[in-house]
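Enquirer: Spelled out, the chains give:
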Amino acid sequence: MNAPTLIPDFVNRKSFIELDARVRAQSFFDEGTWRELVGPFDRIESPWLAKQGIAPQSDDGCIVIKGKIGGSPAVAIAFEGAFQGGSVGEVSGAKMTAALDLATKDSEAGRPTAAVLLLETGGVRLQEANLGLAAVAEIISSALALRQHAPVITIVAGTVGCFGGMSLVAGVSSYTIMTREARLGLNGPEVIEQESGIDEFDSSDRALIWAIHGGEQRVGMGLADSLVEDDANKIAAAVRDCVHKGVPEKHRTEQVELYRARIAAINTSHQIDPATLRQQWANTKGGVR
Amino acid sequence: MNEQVGLRGRAWFKALTGSDTPNSGDPNSVLATTAAVENESSLFLCVVPDKNSRFPCVRDGQVGLEEAFTLATHVRAIIAEDRDKPREAKRPIIAIIDVKSQAYGRREETAGIFFAAATSADAYASARVAGHPVISLVAGQAFSGGFLTHGYQANRILAFDDAGIVIHAMHKEAAARITRRSVAELEKLGHEIAPMSYDVRDYAKLGLLCKLLHADDPQHPTSSEVAEVRKAITEAIADARNGKLDLSNRWESDAAKTTRRGTLAVRAALEAQWFNE
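Chains D and B supply the protein sequences, listed in that same order. First residue of the first sequence? That's 1 in UniProt numbering, and the numbers climb one at a time after it. First residue of the second sequence? That's 1 in UniProt numbering, and the numbers climb one at a time after it.
If you are wondering where the hints come from, they were derived from the structure by calculation, not from laboratory data. These numbers come from a predicted model, not from an experiment. Backbone N, C-alpha and C fix where the C-beta goes; we use that ideal spot for every residue, glycine too. A couple of the hints might just be wrong.
Sample of chain D residues facing chain B (criterion: CB under 7 Å; computed from the structure) [claimed, not checked]:
#1 Ile7
#2 Leu126
#3 Thr253
#4 Leu258
Taking lysine-lysine and the DSBU-like style, the derived pairs with C-alpha atoms no more than 35 Å apart in a straight line are [claimed, not checked]:
#5 Lys85(B) <-> Lys285(D)
#6 Lys51(B) <-> Lys285(D)
#7 Lys105(D) <-> Lys244(B)
#8 Lys105(D) <-> Lys90(B)
#9 Lys68(D) <-> Lys244(B)
#10 Lys245(D) <-> Lys90(B)
#11 Lys14(B) <-> Lys245(D)
#12 Lys105(D) <-> Lys205(B)
#13 Lys245(D) <-> Lys234(D)
#14 Lys285(D) <-> Lys90(B)
#15 Lys105(D) <-> Lys85(B)
#16 Lys234(D) <-> Lys105(D)
#17 Lys172(B) <-> Lys257(B)
#18 Lys85(B) <-> Lys51(D)
#19 Lys257(B) <-> Lys105(D)
#20 Lys250(D) <-> Lys285(D)
#21 Lys250(D) <-> Lys90(B)
Given the sequences, and given the hints that come with them, work out the whole structure.
Expert: So this is what it looks like as structure tokens:
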């Protein structure tokens, strides 16, 4: 009992990042309450990939699990970063929109149903370009509809990050949970380097990437809510917390004036030091949320 | 893309509102004013290039931090002003779109452009849900995060049937690089696979568009073309007022029944399997 031990904590820690999307999505539901919906055996694949010589996947890289979290109805929708970079195509996008819409319908009928979005995604799947982009607009709209009634909780854990249009989905979420390893931003470092040059962003500078897009910075700036260790139990506890908290009094994206003023105060004559900006925002009116 | 982005947007903003000067307090890259459509006061919004922007990566007509927050401010203001009006009296919002993309910059990423863009998308969607008819007129380019920030939450989208109109997730050169294809291969695929096409007529096949309009030269609209567009906007407003407040028209449209069969199959299957304990 309580004898000092030489085994460090991380040995017994159950990594969340090492799980695939399906197991991640299952991991925070109450035991025996969940089922996967429109799973691989329903075989609804992308109709566009085979035409381009790309092997489709029978879940299109998107997993939907319905069940209970801490006794409350909830649905989790997870993007699998290992399939096409977790990209949003027609089918995967429609899965997320439809699940959010059904949760809204239940919520309106008096059964508040939270949604947990696991976003490991580079954004729109370029092989389905315009249907992917349309899907992102529809996901944003459906997430906004649900968050009036029940919390929409985004988890960005790693290793793909959450980029492109899907970063806007994280932006409109009620709560965003991140690990230190996670990254969140609109344009990935490679995209900036390619479009604006290496002087603008050196995508091989890993310290710079995490200083700007990393979980610690995003939570420190108030653009995400909680920084959680890469531990499946701790992430599950954080998700239960958010489900319990319910709908926040005011969503971040409704605080336009606060953030507009913060942008107006930025000196743009040189690149911005992330740590300094974080400090400034934490110390200005409104704090970091 | 041989013409400068934003010129068509500015031309149509001027043609429809009579003005093209930014409001004091706004960046020069955002035009916002109220003007009449069929005797009804409407809010018009447009993002234009600003060669002198203090954010270097938006100078060619990209949508950046200031643009996103400025759009959100104007849209939220009209929602607040019309809060107590019945749905039929909520003023229309007309987004004129000619944007290169979102800003690809380190300053923007550091200050959280993903969140700025989300703020604007939220404002537009909130206006739609509150009952404001939100109409987008694609007058030039509508790329990626730029379009998600400005215009893609509209009830109804109008576009010109012109070779200069490009609605897409990524410009050709970058899309070719990332998918490891040549631009020629990408163009060939676009002809076979509608969602990949850069042609606005193929975009219309996806069921996302309310109507294609015509102007001989969209950068220099004639008065009869302006009258036609004004009529189309008026019809779109009436149509939006009679329709649902969500975006379901986009997958329930006639064109979507053929092109978006995957979307409809997923929605049906998920609804059938959804359960409550």
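Enquirer: Against the earlier hints, flag every one the structure doesn't satisfy and list their numbers going up.
Expert: Going through the list in order, the structure violates hints 1, 4, 11 and 18 and respects the others.
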